[in-house]
Amino acid sequence: MTLEEKVIKLIVDQLDVTKEQCVLEASFIDDLGADSLDIVELLMEMEEAFGVEIKDEELEKIVTIKDVIDFLKQKGVN
Amino acid sequence: MKRRVVVTGLGALTPLGNSVNQTWESAVTGKSGIGPITKFDSSSYKSQIAGEIKNFDPAQFVNKQEIRRYDDFILYAIASSEMAMADAKLTIGPELSERTGVIIGSAIGGLATIEEEIELLLNHNNPRKIPTFMVPAILANSASGNVSIRFGAKGPINCAVTACAAGTSAIGDAYKTIVYGDADIMITGGVEAAITRMAVGGFSAMRALSQRNDEPQKASRPFDKDRDGFVIAEGCGIIILEELSVALNRGARIYAELVGYGCTSDAYHVAAPPPGHEGAARSMRIAIKEAGLNPEDIDYINAHGTSTPLNDLYETQAINFLFGEHVKKLMVSSTKSMTGHMLGATGGVEAIFAVKSLHENIIPPTINLDNPGEECNLDYVPNVSRRKEINTAMSNTFGFGGVNAVLLFKKYSESPVSEE
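Those protein sequence lines, which keep their order, are chains A and B.
To convert, note that position 78 of the first sequence is 79 in this note's numbering; the numbers rise steadily by one, no gaps.
To convert, note that position 87 of the second sequence is 101 in this note's numbering; the numbers rise steadily by one, no gaps.
This is chain A alone, in the form it adopts within the complex (with noise of 0.2 Å):
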């Protein structure tokens, strides 16, 4: 499994979400009908799936699924 499609089964088990709704430039808010608690939830799941740790100002910029997959890879995650 790809980085990618590993975030997104994540996603799509967190958010009552389909796969088809999970492209990468849909934002968590207004695509996938998060709100900022939804966010944090889901990004401590990606914490302890890639052994990451995101601080709460990194959490900030996270708008879209690319985003966490930018992030994830700069952390060093493939």
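Simulated from the structure, these hints should not be mistaken for laboratory data.
Take the hints with a grain of salt, since some may be wrong.
The calculated DMTMM-like cross-link candidates involving lysine to aspartate or glutamate, where the alpha carbons are at most 20 Å apart (straight line), are [as the list claims (entries may be wrong)]:
(1) K78/B x D36/A
(2) K74/A x E5/A
(3) K143/B x D39/A
(4) K143/B x E59/A
(5) K78/B x D68/A
(6) K78/B x D39/A
(7) K143/B x E48/A
Dock chain B against chain A, hints included.
Only chain B this time, still in chain A's reference frame:
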């Protein structure tokens, strides 16, 4: 004239079944819902039996996000409220939204979640592991909160946490909310999901639980001479209350009228009732008086009847004191003999038993009543349900902290019960 309040919808999850119909069917046939505890390994506990809800599938009612986030007590409340609203054929449109409120009681809230999260926190010594939604998962008022969100109920909201009387306190307060004109419709009742290590261990430490582990179905035996404590259980009972004209205007089916609520405190002891249980008698008297009735008008009492030595004796004394000679005609049964003691849910579920007994003219029995205990001299409807036309049904529940809460239901008839 006083605003009248009627019951138009019922929903329940209990150890006897995952709907009101299944629960009622089991109760009138005298089935026990008690078995060995499956929720955790209870082998080192004194009490190893409980009334658990079986085969509940939350996915029928909520999405996977809600299942993951919320404690069972919230899921039970949402599911039972869905069933009650469907039963009442009620949808809350914009015109009803601000006139509809929610009060669902719970003794302990999300105890199972609290225990799991404390264990994780201590094991990992890492507060970052605490889930984002832990706090709203454990708060006792999250049952009311989630139900109000689901149905768009924007009127008064509250949560009674009066221990084992919580469901009754909630319904009593919801009733008054409608009587005082603050709302026209209330979604109300009680819920509990606390068959956990802490609760079973804690009640055992108080010597409150039955230890009849080898005969689970015979362990809850209210008023019997061999009773040795209550059997912990879980459940949810939700009823829809409506102001009479609102119910009539939409052509709702009316199960019964709620005509009185009595609430008193023992001011005596945090856990034990006093001999004679004066506060319980006073609570029943207040409910009867509010209804404009006399003790002789009461046909059936769904007793608190926990199967503890003290409660059953003192509740019997209180009933004898208040009703005098009338006890010869009065039926008193404890459905806890079948459900076990659902703690904060018990008032919700037993209100449903009282309403159903009025609506169906069947009195559910007290099972396991082989030899009445000393001074237990009432007609407890032993072991077999009874078909009898009744006009009034009372529900008693008492809680730690000295709470005595009593609801009085009456068959609905057009003429008002009271001209106050």
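Against the structure, the hints:
1. K78/B x D36/A: Between K78/B and D36/A the Cα gap is close to 16 Å, so the pair holds against 20 Å.
2. K74/A x E5/A: With Cα atoms ~10 Å apart, K74/A and E5/A stay inside 20 Å; holds.
3. K143/B x D39/A: Status holds; Cα separation ~16 Å.
4. K143/B x E59/A: 18 Å, holds
5. K78/B x D68/A: Not OK: K78/B and D68/A at ~25 Å, beyond 20 Å, violated.
6. K78/B x D39/A: Holds, at about 13 Å.
7. K143/B x E48/A: Distance of about 10 Å is within 20 Å: holds.
The structure does not agree with numbered hint 5 stated previously, though it agrees with all others.
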